[in-house]
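S.K.: Single-letter residue listing:
2 protein chains.
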Amino acid sequence: MKFNEKLEKIVNKNNSLLCVGLDIDQEKMPKFLFDSSKTPYLDFNKSIIDATKDLVCAYKINMAFYEVFGKEGFDLLEKTIAYIPKNIVVILDGKRNDIGNTAKKYAQSLFETFNADAVTVNPYLGIDGVKPFLEYKDKCSFILCRTSNTSARDFQDLESNKIPLYEIVANKIKDWNSYGNCGAVVGATYPDELQKIRALLGDEIPILIPGIGAQGGDVEKTVKYGTNKDGKMAIIVSGRSIIYAGNDKNFAEKSREAAKNLRSKINKYR
Amino acid sequence: MKFNEKLEKIVNKNNSLLCVGLDIDQEKMPKFLFDSSKTPYLDFNKSIIDATKDLVCAYKINMAFYEVFGKEGFDLLEKTIAYIPKNIVVILDGKRNDIGNTAKKYAQSLFETFNADAVTVNPYLGIDGVKPFLEYKDKCSFILCRTSNTSARDFQDLESNKIPLYEIVANKIKDWNSYGNCGAVVGATYPDELQKIRALLGDEIPILIPGIGAQGGDVEKTVKYGTNKDGKMAIIVSGRSIIYAGNDKNFAEKSREAAKNLRSKINKYR
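The listed protein sequences correspond, in order, to chains H and G. So the first sequence is numbered by the numbering used here: it starts at 4 and just counts up by one. So the second sequence is numbered by the numbering used here: it starts at 4 and just counts up by one.
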């Protein structure tokens with residue numbers, strides 16, 4: 004099944020554009036887990052997944068939070084992905100980028116070793132760094148276009164012939180989409196840019212949108228500007244504000260509540 | 004010890020600017036290793052390190068070739084790094100990039116979990132993505148500036164106020180170098196750009212230079228344009244042409260020969 008089809012199915016089934024970020028962090032996780040369990044991180048992820056799996060279209064896993072544990076982290080990553088129901092989209096957020104044979108190894112790592120449905124890729128190296136990912140035609144490669152952080156402006160706003168770099172990247176994403184397996188990453192913290200990029204990309208290319216919640220992106224604008232004409236093809240990420248909604252024994256329940264509220268809020272504007 | 008000092012010491016001791024890339028690849032490795040050993044990759048790396056450790060200033064490890072094996076790969080990565088003599092520079096080439104707390108986790112992963120002396124970082128996200136790496140003041144962060152591949156031109160050549168992006172990045176690297184722990188990655192395949200970037204960076208900033216050997220960069224130009232006034236501060240990478248110089252029982256010997264020849268060739272032009 005093509006990625007966009009898998010996405011459409013789960014968006015319809017769970018009536019949701021919400022993607023929960025499983026970014027584990029000992030400092031923010033419920034303390035009791037570390038006293039009571041030998042596998043606190045895996046228990047945490049499983050509880051969050053159980054509590055939210057009927058409310059989301061996707062889970063996004065940022066690899067940094069796992070590789071920091073070395074080999075144990077990759078074990079945890081494998082087990083977490085294996086636990087996610089097969090009909091839900093798994094996005095491995097690694098922002099990988101390299102050339103030729105090396106990029107091929109990264110693509111193989113994320114799509115085969117870890118079995119992700121989608122990945123994030125940094126475009127600085129041009130098409131050489133992206134192509135090996137695009138060879139996986141049933142997967143999706145979300146190219147960083149306009150990132151959600153303040154210093155995104157450092158290089159992404161630089162204008163060449165009056166067109167800022169992030170727009171040039173968006174146009175390339177359209178070019179690179181011949182297999183229908185490209186997406187864009189655009190931060191919710193830049194709603195005007197999000198609107199412009201959606202217009203450039205048309206209705207068929209999914210946009211992965213981090214930056215609401217802790218980073219301050221506005222939900223209404225994110226939905227209105229990020230979705231396509233059918234109110235779809237936007238994957239709206241929230242991490243901390245959902246998975247760390249509670250930090251007591253009832254943390255999973257709290258995360259469910261937070262996910263439910265955010266899903267409703269998103270759907271209100273679709 | 005600051006990174007630049009560690010680099011200077013080993014460059015002097017081994018009279019070498021050569022960095023060997025330990026990019027393991029079953030298809031290119033000696034077949035007999037896979038029949039005779041239960042740990043062929045680690046054996047291979049150890050043999051290459053033993054055969055070249057008095058001829059190099061650094062080893063560069065591209066993480067893609069390891070993470071493709073999942074948790075086993077990270078185990079191998081840890082063991083390989085542990086085997087490298089402490090006075091030789093270890094560069095973890097991951098081209099990582101992210102923001103805030105996430106970038107911090109990557110920095111922690113590479114510098115602490117894996118104990119690298121230096122890393123490569125992709126600049127597309129601006130200073131937010133670089134700063135957490137720069138907090139490790141005794142380490143070095145090599146920022147991708149001009150990559151060695153053909154499609155480096157896709158975005159890195161875009162001109163803003165007549166200055167191409169890679170030059171704008173080079174200028175930022177100079178700005179970001181207040182702790183003296185920034186470096187640049189510039190491909191040997193672009194000698195004119197290498198010369199320009201060395202002039203921009205001055206004599207104190209190391210340049211990591213991939214692209215000679217299999218990718219076709221010229222050694223003479225690489226050395227002349229990449230080194231500083233003292234014929235130093237350039238780390239010249241060769242991977243495949245050294246570690247796969249032989250593929251029989253004598254592969255390590257062959258790699259030693261190839262490394263020796265390349266070191267001499269580099270030194271001829273210093």
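By construction, these hints were calculated from the structure, which means they are not laboratory data. Be careful, since some hints might not be right.
Below are the DSBU-like pairs computed for lysine-lysine, each with C-alpha atoms no more than 30 Å apart in a straight line [claimed, not checked]:
(1) G:Lys82 to G:Lys134
(2) G:Lys134 to H:Lys165
(3) G:Lys227 to H:Lys74
(4) H:Lys199 to G:Lys175
(5) G:Lys41 to H:Lys82
(6) H:Lys107 to G:Lys165
(7) H:Lys49 to G:Lys31
(8) G:Lys34 to G:Lys82
(9) H:Lys107 to G:Lys5
(10) G:Lys134 to H:Lys252
(11) H:Lys177 to H:Lys165
(12) G:Lys107 to H:Lys49
(13) H:Lys74 to G:Lys31
(14) H:Lys177 to G:Lys165
(15) G:Lys227 to G:Lys89
(16) G:Lys177 to G:Lys107
(17) H:Lys74 to G:Lys82
(18) H:Lys82 to G:Lys74
(19) H:Lys49 to H:Lys268
(20) G:Lys177 to H:Lys74
(21) H:Lys82 to G:Lys107
(22) H:Lys199 to H:Lys134
(23) G:Lys232 to G:Lys252
(24) G:Lys34 to G:Lys49
S.K.: Holds or violated: Lys177 (chain G) with Lys107 (chain G), Cα cutoff 30 Å?
M.R.: Judged against 30 Å, a Cα distance of about 21 Å means the pair holds.
S.K.: Between Lys82 (chain H) and Lys74 (chain G), is the straight-line Cα distance small enough, at 30 Å or below?
M.R.: holds (11 Å)
S.K.: Taking 30 Å as the top limit, are the C-alpha atoms of Lys199 (chain H) and Lys134 (chain H) close enough?
M.R.: holds (25 Å)
S.K.: Against the 30 Å threshold, does the CA-CA distance of Lys49 (chain H) and Lys268 (chain H) hold or violate the hint?
M.R.: Judged against 30 Å, a Cα distance of about 25 Å means the pair holds.
S.K.: CA of Lys74 (chain H) to CA of Lys31 (chain G), is that 30 Å or under?
M.R.: Within the cut-off at roughly 25 Å; holds.
S.K.: Given the hinted pair Lys82 (chain H) and Lys107 (chain G), is their alpha-carbon gap at most 30 Å?
M.R.: Between Lys82 (chain H) and Lys107 (chain G) the Cα gap is close to 24 Å, so the pair holds against 30 Å.
S.K.: When you check the alpha-carbon spacing of Lys227 (chain G) and Lys89 (chain G), does it fall within 30 Å?
M.R.: holds (29 Å)
S.K.: Are Lys107 (chain H) and Lys165 (chain G) close enough, with their CA atoms no more than 30 Å apart?
M.R.: violated (34 Å)
S.K.: Does the alpha-carbon distance linking Lys34 (chain G) and Lys49 (chain G) stay inside the 30 Å limit?
M.R.: Holds: Lys34 (chain G) and Lys49 (chain G) sit about 16 Å apart, inside 30 Å.
S.K.: Keeping to a limit of 30 Å between CA atoms, is the pair of Lys134 (chain G) and Lys165 (chain H) held or broken?
M.R.: With Cα atoms ~29 Å apart, Lys134 (chain G) and Lys165 (chain H) stay inside 30 Å; holds.
S.K.: Between the alpha carbons of Lys107 (chain G) and Lys49 (chain H), is the straight-line distance 30 Å or under?
M.R.: The given pair, whose Cα atoms are some 25 Å apart, holds under the 30 Å limit.
S.K.: Hint check: Lys107 (chain H) vs Lys5 (chain G), CA-CA at most 30 Å. Holds or violated?
M.R.: Outside the cut-off at roughly 34 Å; violated.
Consistency note: the structure conflicts with the earlier hints numbered 3, 6, 7, 9, 10, 20 and 23.
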